[in-house]
Each structure stands twice: as C-alpha cells, then as structure tokens.
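Take the given structure of chain A and dock chain B to it, following the hints.
There are 2 protein chains.
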Amino acid sequence: MSNKLINTSEIGLNVNRRSSCHFRMIVFFLFMMNFINPLGLYAQMVDDSKPASTNVPNAEYPKIDSQSRVTFRFKAPDAQKVQIDLGKKFDMVKKADGFWEVTTEPIVEGFHYYSVIVDGYVAVDPSSQTFYGMSRNASGIEIPEKGVDYYLPKDVPHGQIRRMNYFSNITKTWRVAYVYTPVGYDTKTKEKYPVLYLYHGGGEDETGWPNQGKTDFIMDNLIAEGKAKPMLIVMDKGYATKPGEVTGTGQGRTPSTTLEEVVINELIPMIDSNFRTLSDRKNRAMAGLSMGGGITLRITMNNLDKFAYIGGFSGGSRINAGEEIKTMYKGVMADPKAFNEKVKVLFFSTGSVEGPRVKESSEKFKAAGINNIYYESPGTAHEWLTWRRSLHEFAPLLFK
Amino acid sequence: MSNKLINTSEIGLNVNRRSSCHFRMIVFFLFMMNFINPLGLYAQMVDDSKPASTNVPNAEYPKIDSQSRVTFRFKAPDAQKVQIDLGKKFDMVKKADGFWEVTTEPIVEGFHYYSVIVDGYVAVDPSSQTFYGMSRNASGIEIPEKGVDYYLPKDVPHGQIRRMNYFSNITKTWRVAYVYTPVGYDTKTKEKYPVLYLYHGGGEDETGWPNQGKTDFIMDNLIAEGKAKPMLIVMDKGYATKPGEVTGTGQGRTPSTTLEEVVINELIPMIDSNFRTLSDRKNRAMAGLSMGGGITLRITMNNLDKFAYIGGFSGGSRINAGEEIKTMYKGVMADPKAFNEKVKVLFFSTGSVEGPRVKESSEKFKAAGINNIYYESPGTAHEWLTWRRSLHEFAPLLFK
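Here the protein sequences come in this chain order: A and B.
So the first sequence is residues 120 to 519, counted in the numbering used here.
So the second sequence is residues 120 to 519, counted in the numbering used here.
Read the hints as simulated data drawn from the structure, not as lab findings.
A couple of the hints might just be wrong.
Stretch by stretch, here's where chain B covers chain A in the computed footprint (C-beta under 8 Å, at least three residues) [unchecked claim]: (1) 199-207; (2) 281-287; (3) 343-349; (4) 431-445.
Please read these numbers as outputs of a predicted model, since none were measured by experiment.
Even glycine gets a Cβ: it sits at the ideal position worked out from N, Cα and C.
In isolation and in its complexed conformation, chain A is listed as follows (with noise of 0.2 Å):
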C-alpha cells in the first residue's frame, strides 16, 4: 500500500486555517501518524469503508472504503490457504482469532465476479449476492463508480422486470425469459410497444441483463430523462440444444441453429401473444454482449424480414481472415444502399481496455459502405461496465 501524502480533506477534517495553534497540532499529529502507519493503526483510523451494496443483507464484509479498497473477512478455522480471486488472486492472511483476512489494492470500478479459493477448493460466498457467470455461479462485487448515476435506482418512475415461464417444443425444456415492461405499460392498455431482444455472453444466463446489467434502473431512468422510447426488452438464455444434441451455441454465418428456432418460432410468437407489441420489424431490435453479439449478428442478419435495430457490444463484428462484407451472411450486405435503408441501426461497442479490433471492423464496414456507429467505452474492459453504458447509448438510438 503507497505511503500517501496525507489530504486532510480525505480523512474528513474540516481546518479553520485562522486557528492555527489547532492547525499545527493537527499536522503535527498527521505528521506523527506517518510514522506509526506502518502498525496499521492509521489505517484505521481513515477506514471509511462500508459493505457492499452487493452483499446479502447484514452482512459486514466484504467492506470498501473510499479508495475502492475491498477487506473481506470471514472464519476458516482449518484452512492453510485462502484466496480472493478477482481476476487477480489476492492472499488472505490469518489473524489471532482465527479469522482469515484481507485488504486488496483500490479495485477498478464496476461490477467483478470474485471467488473464495479455500486449500483449493473455489467456492462462492455466502455473505454476497451469487450471479451466474463463468459458467457457474459466482459471487459478484459492485464497485461504486464515482460520479454516475444512471444506472442507480432514482425517484423516477419505475417499470417491472416479470419472470415468465415457457415450454419450448422445440428444446423439449422448460425455458425461463425476463421481460422488461417500462412504467405505463399496465396503464396505458391502448398502446402498443416496440421489443429489444438483448442477450448476455458466454457462461451467463438470462439473469444477466436483469441482475448485472442493470437493465432496468438503465432504462427507468433514460425513459424518465425523455432519452429513450417506452419499450419492452426480452432477456432470454442464449443457449438451446434439441434433445441429444451436444452444448453449443452454433458458430459461422449461415446454419440454422436450435436457438435462432427457438426465438423465430417460439420466442417471438409467445413474447407477441402475451404483450401489446408492435410486431412489424421496424418495432423490433436486437443486441448481445460477447458471444450474445455473435448471436445477435447472426439471428438478425438472417432474418432481416423480422428486425431493423442490431446491437453488438464486444461482439458480433468479427470478419474473418479472408472475408468479403459483401458475401456474409448470404450476401446480405452485397447492395449497401439496399442494406442501409433496411437496417435503421447497426452498432458496435467495445471498451477501450479490449483493443482495437471493433474499432477496426466497424471502419471496415463503413469502408465497404455499410452505416454503423461505433462506440467505445473509456477505461473499461471486457466487463459488465461497458456493457451497461453501451445499453444506455444503444437504447436512445431505437426505434426514432
């Protein structure tokens, strides 16, 4: 941990510099506290750290302080070595009375998955919030990112996330979808809304946009700020096998895969027979982060009959070594004035931290002629933190 100056300000002071016999006691005293900072008790001392906003009730640890330290501390009598993996693995340290601890460098802000590895076993944490991601479920830690808002509960209005449960003929399995239903919707029993359907990544499930997405605090507060249309957005899984097929999400261009069935035949029909939408493809768009952008590219460019909005976010914008815009996906792209017309938006978002391969691709396709806006999300990585901001850039951009 850096020895840093001390801002006297950060530590919640408030000097009077007239009275400056208090004024020097007071730096003397910091100037003293430098030097028995190495026992801790300074720390301390400055220790302004709270639970995170995360974690399941009551619980006090994980804690973060101000400089988005986290301390997680928790009891493993028995244990000879334990962990916190945020990406990077942090060594916990065992203190007197048995408890084991720990207090990590200033983390990036935003939403992490972390684990506790215990003599090698990887177990989530009961005092946090699980999130399935990686594959399993994890605990998860949200960062307060200084500053912004937008996706923090606010008093404005709010609209519902509902939990609908579906059979699906096709998978032979019973499939979970949230939907996204803006504040008016049950008031307002005239009107009729547009759709976003919105997938998350590998490894993730249709929990993902609605827990660390924050899809709807997003999109509370951009349709209370006039920013974005009233509209419902489907957050389904993004994986479907028949029965005997092996797991896969279906890669390349052109297949048919068992999920672009399940959202063509089953999906869309069910989501268009329980909700007042409106079911032309000018009032249906579609996006995924990571491998959700692959599926999005691939399920709209193939059916462009069914959607005018496509949203890929670190994902979907790939062109391989070798391939020509104007034959992917069966040549939908082959007349760009053709294409532009159609597709009223085409966008591409990646985090500034994941390199320069989007940025490269959308210039491609706009050298080729095909219209898409690029956006980049500063000092974010492959991470829920570019994802939610480029949800609040995409949403504005739908259904004008």
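Just chain B now, kept in the frame of chain A:
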C-alpha cells in the same frame, strides 16, 4: 446401505421368461452380483442418478438416484477435511484423482438448504443454484417427491412473477417486492383481483416464496384446475428498520412495528395503485411461514379493517403461558361471534414432524369459540415442503 433383493425391472432388464436358458443365466448373474456388491460394482451398475434440478446448467453434480441418495463430487486438491452439511453432516472422501466424493444415505424428499464445509469454511456450492436462507446465501437441492406434481411446471396457462423496486420513506431504503400475476391479468383489463400478501421465514427474504416456494407453479396449477380464484400474490421482505434502528422484526402482540408501518402505509397503497386490485378487506389476505406467521397474525389482528383472511404456516398460532385468547391483540377475539363473522378464514398449519404445538393452539382457539382451520402436512418438518403444501391448502379457501 441395505443389501436389497434385486428387482429386475429396476435395472431396466426386459426378461422374456420363455427363453429360459437366457433367463437362468441372468438370474445366476444377478445372484453373483449380490456377493460382489460390497465392492461397489453393483452400485455402479444400477446407478440411475441424475443431476439435481437445482443445479446450474450442465453441472453433473450433485446428482440424485431413484432412492433419493445424493452424490456430491468436486475438486479441493489441498483440503484436509471436506463435508456436506444437509442438516446432517456427511464426510467426503478424497479420491486418487484429487476429487472429493460422497454418496449420502437417502435424503428426505423436498427442498433442502446445504453447505459445503472445506477445512472449516462454510461455502456455497458454485454448481448449484443459490437461495437466501439461514440469513445468508446457501446452496439448495430439490429431492424429487415421488408422485407429486402440484408445484411443478405443467402444460397449463402460466402467470408471471414481477420484480418491483420501490422506495420506502419510512426506512429510507429501496425495497424489492415480487408480485405474482395470474394468467389473464394482462388481457382482462377490466377485471380487478383480490390480493394475498405472503411472507417468508426468519433468515429468508422476498425471494423465498418465488424461488424455494414455487408460488407461481402452485398457483398456475390450482387456477388451471379451477381450485383457486385468480389472485395477485405480493411477496415482500419481512424485515424493515428505520435509520438507526437495530434489526428486528418486532415481537409481541401490540406495538406498531416498522414493518407494520411499511405494509399498511406504503406497500398496500403501492400495490393498490400499481395493480388492478379489489382493495376492500374482503379481498385482502395475509399469510406467512414461521416468523412470517408471526408477522401475519400481528399485522392482520391489529388491522382487521384491512384483512379478512389470515394464514399462519408453522408460525403465528402461539398462545403464551397464562395468556387469554380474549385479551390477545387488544381483545379482537373477545367477542368470538363478531370475530368469526369478520374473519372469513383463520388457517393454521404445521408439519407433522414439528410436534403438536400448532394443533394444540388451534384447539384452544376453537375451545374459545374462534373458528379456525387446522392443516397438518404428513411426514414433513419445519421446511419448504410443509409451506408449499400449506399454500396449496390455503389458497383454495380464499376470496370465496
């Protein structure tokens, strides 16, 4: 494990008794298998276990066989001692491949919380769905209940469960309420619906009834069979504290608690203004399990102008030593005839394994002239199977 006689139909053999030589060889083979049984080969051969329905997608373990035995298996390479805590603890054994494994004795049917204990660390299993219980996140496993399907999804019209965020001015916090809406709610836009407020138990939260409780499937099935009236079910958190208040549910009969204030002054008005409700007392019910039974009795008895149906599942029926029924809850039961006219249903239930206390209370209320219905769930304890059955018995009595 019992050394049972082998039932050929159990192991999938379809024997034609006329091909007698073949048949005798099989009988001899099965006879011999009984001797090698201690080596575990037979157990392996007849292993008919399947991944638990509560597992995350593609997780093979935990898996459950037809005898309700559960096998757990995972990696914990450096651990010294690993146990599964299912109420009773089962020691796991380290295999040569570094995986730990155990097959339990037959586990009681229904839903159970469980923990993985690794060298003293009480962990949540990443392979399983997690549930909020025991005041923390916990793994949960559903042991199939043979011949019972009233809480399973069926080919009937389905309602929805809606997640709503609302700000409480009393607690100064955002709260989440789940609302079950029955099939038809979205289409029969002139129809108004009665409302059941349904509370979880201690250490659980508003996700208990939607997840562990299977509220949606129980109600979908009852409504499809014409056994319950279509109704809204509101599942809110059974805890509420004002800023600075110590966590607590408020005990005792009379004092107005923070939760009661939230329910009466915020939750009910919020539901009545957001949904098409029948908002008179004859169309409002409350029930709860365990601690939620206590909440229910306290809030309804203190507010009989707002509720006409009352349910205490494994809770809420207690009569303290020396307490007189006619003076309980400010004397609302002092005139039994008037009370019986006012309260359409007073329902108490318990699992038969929980002991006679609820039954004794029910009888004391009856002896004091207070009509009530007593339901005893056969063979179940203080657990979700008791409470699913209680809802299944209680809901058909409502709003008739």
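Worksheet item: Which numbered hints does this structure break?
Response: Structure breaks hints 3 and 4.
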